[in-house]
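2 protein chains.
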Amino acid sequence: MTFYLIGTGRMAQFIATRLLGKGPQCLGIFGRNAEAAAQLAGQLGAPVLKTLSILPQPADAVLLAVSDSAIPFLAQQLPPQQGTVVHFSGTVSLHALLPHEGRAVCWPLYSIGTDIFPEIQIPAGSESSHEKARQTLESLAEALVLRLFDAPEATRRQLHLAAVFGNNFVNHLLCICEKLCREAALPQEVIRPLLAQTFARAISGNPCEMQTGPARRGDLGTQARHLGLLSDHPEWQRVYEAISDSIGHLYPVH
Amino acid sequence: MTFYLIGTGRMAQFIATRLLGKGPQCLGIFGRNAEAAAQLAGQLGAPVLKTLSILPQPADAVLLAVSDSAIPFLAQQLPPQQGTVVHFSGTVSLHALLPHEGRAVCWPLYSIGTDIFPEIQIPAGSESSHEKARQTLESLAEALVLRLFDAPEATRRQLHLAAVFGNNFVNHLLCICEKLCREAALPQEVIRPLLAQTFARAISGNPCEMQTGPARRGDLGTQARHLGLLSDHPEWQRVYEAISDSIGHLYPVH
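Protein sequences appear in the order of chains A and B.
Okay, so the first sequence: first residue is 4 according to the numbering used here, each after it adds one.
Okay, so the second sequence: first residue is 4 according to the numbering used here, each after it adds one.
Worth double-checking, as some hints may not be accurate.
A few chain A residues facing chain B, derived, Cβ under 7 Å [said to hold, decoys possible]:
1) H98
2) L101
3) E104
4) G169
5) N174
6) H252
Hints in this document: simulated from the structure, not taken from any laboratory.
Think of the CB as a built atom: it goes at the ideal place given N, C-alpha and C, for glycine as much as any other residue.
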């Protein structure tokens, strides 16, 4: 299998690192950042491309490892491909890769950074325009150590929303938690073991069955005292009330 | 050091397990559940007490490992102690241990269950009525492998609130996340590696500095689409809005 790699950011570096020494062979690198492109090209033993509008030879895949907004623009710059054009975004549709016939999405559900160990298997939501594109994507995923699962656009949208709750929103609650500790002049270390324990239990089991706390018990006295402690932070009071209401909705107290 | 252990629940079992074979010597066990009391007594090589109103001999500490509401009741049943009376709750005041002169609170910040490895050091918020009580508490904490930090009542209340955000509320968001995955017919497994990665980064660093997502970017279009996807769950919409507002409040987009 042969491929072109477009982009030089974290996703492109992740792809280059994981494909190095595997079966797929890189035919060229393209990127706005000339220095980063030269470095990736050296790493993969492939030439730097000066333009996308003429590619030196056909390839099985063109990998668009670029920002969401650049995907449709770059897809249209490419000459019509016989191989499969692939993007790696959770929020961009398969149509964004038109006019190419072979199109595929490969969205790794992981925060791609420089700290990804090479052989951790990462789940990746996938969609493809036809059978040949699907087969190309599967070969690519095997070399990238990704575990593909079917995720058409509506599924990706829902999963993106789920990730906002599970990641972005969880992170903000941990931020509030840290700030509350700091207000009490306590280092975050005193509460971290408890947070880590609860999180590990919740994701290894079923978090809905493990709910505890004042809202779960319908303990309105404690909730009122907590809202009082938050009087300097009306935006945290609203978070407290909204989540407590949602917990109360899920576990009515009789 | 000598002690009496009152209670037979998870906290009492935790104490018995951690003190077994250490310096402190148990002079007796008291508990409503006769079978559990006999088992703990066997484990610690101590007699079961029939009553609290007469204790066979003085002890350095009386450990009230019982439910919050039982603490003041049992403290009053005890004959006046020369030693230190200790409770293990985050929400009960030191005064609840009156009329005894030597009083101490030792609140382990951990969910105490049967899965606690014997030698994990657990942070514990502490308060004591005087110097002798503090010394007794320190000896006890050393044997229990607890790392004490000063936590007077106002601090414990604030920390309890912080734990509601960091534990109970985080757990509920993970529950919503799981339900959203299920609605998309996806197993929770596809998103767990991402959740675990983000959580590990957040608690090993500073979550406030690691905030990402549509609310952090001020991406109103994505937020409106997400609210649309949640139209069947108005209580989750309110959670989404309250947390997004709170994030927007903390990171104004210029």
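Q) With a cut-off of 7 Å, does the beta carbon of H252 of chain A approach a beta carbon of chain B closely enough for the hint to hold? A) Constraint on H252 of chain A satisfied, holds at 5 Å.
Q. Minimum Cβ distance from N174 of chain A to chain B below 7 Å?
A. Holds: closest Cβ of chain B sits about 5 Å from N174 of chain A, inside 7 Å.
Q) Under the criterion of a CB-CB separation shorter than 7 Å, is L101 of chain A in contact with chain B as hinted? A) 22 Å, violated
Q. Taking the closest Cβ pair, is G169 of chain A under 7 Å from chain B?
A. Status holds, d = 4 Å.
Q | Restraint check, 7 Å cut-off on beta carbons, for H98 of chain A near chain B | A | 17 Å, violated
Q.
Does the closest beta carbon of chain B sit nearer than 7 Å to the beta carbon of E104 of chain A?
A. Cβ of E104 of chain A sits 28 Å from chain B, so the hint is violated.
When each numbered hint is compared with the structure, violations occur for hints 1, 2, 3.
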